[in-house]
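Novice: Sequence:
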Amino acid sequence: MVFSAENALQAHEAEQRYVENKVRKQARYDLTRRGIVATETEIAKWKRERIEDYDRHFADSSKLMQNVRDTV
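Taking the working numbering, the leading residue of the sequence shown gets 1, the next gets one more, and so forth.
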């Protein structure tokens with residue numbers, strides 16, 4: 001049982017590293033395209049901006065869906 005738990009943890013950690021590496025690669029690409037050096041600080045800012053954009057997008061979508069429901 002301990003081995004299966006250890007394997008599950010290692011698989012989870014590997015997935016987390018994979019996702020984080022993909023995000024960082026996208027951040028480096030986007031920042032470089034904008035002429036910004038991809039430092040740790042700039043990558044962290046980029047991540048925050050992406051999260052805020054995502055939240056804003058879905059907040060707008062939620063409002064839109066509420067308006068649609070109100071008209072039905």
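One thing to keep in mind: the hints can contain errors.
With a straight-line Cα cutoff of 20 Å, these simulated PhoX-like cross-link-like pairs (lysine-lysine) come out [what the hints assert, rightly or not]:
| no. | residue 1 | residue 2 |
| --- | --- | --- |
| 1 | Lys25 | Lys45 |
| 2 | Lys22 | Lys47 |
| 3 | Lys25 | Lys47 |
| 4 | Lys22 | Lys45 |
Computed spacing ranges between beta-carbons, pair by pair [what the hints assert, rightly or not]:
| no. | residue 1 | residue 2 | range |
| --- | --- | --- | --- |
| 5 | Ala44 | Ala8 | 41 to 49 Å |
| 6 | Glu52 | Glu13 | 26 to 34 Å |
| 7 | Tyr29 | Ala59 | 35 to 43 Å |
Just so you know, these hints were derived from the structure itself, not from any lab. Beta carbons are placed, not taken as given, at the ideal position from N, Cα and C, and that holds for glycine.
Novice: Look at each hint and say if it fits the structure.
Specialist: Cross-check of the supplied hints:
In summary, the hint linking Lys25 to Lys45 is supported, as the alpha carbons are separated by about 14 Å, within the 20 Å threshold. Between Lys22 and Lys47 the alpha-carbon distance is near 12 Å, which keeps this suggested pair within the 20 Å criterion. At most 20 Å may separate the alpha-carbon atoms for a hinted pair to count; Lys25 and Lys47 meet this at roughly 12 Å. Restraint check: the Cα-Cα separation between Lys22 and Lys45 comes to about 16 Å, which is no more than 20 Å; the hinted pair holds.
The beta-carbon spacing between Ala44 and Ala8, approximately 29 Å, falls outside the hinted interval of 41 to 49 Å. The hint said 26 to 34 Å for the Cβ distance between Glu52 and Glu13, and at roughly 28 Å that hint holds. Tyr29 and Ala59 have their C-beta atoms about 27 Å apart, which leaves the hinted 35 to 43 Å range violated.
Hints 5 and 7 from the list above are not met by this structure, while the remaining hints are.
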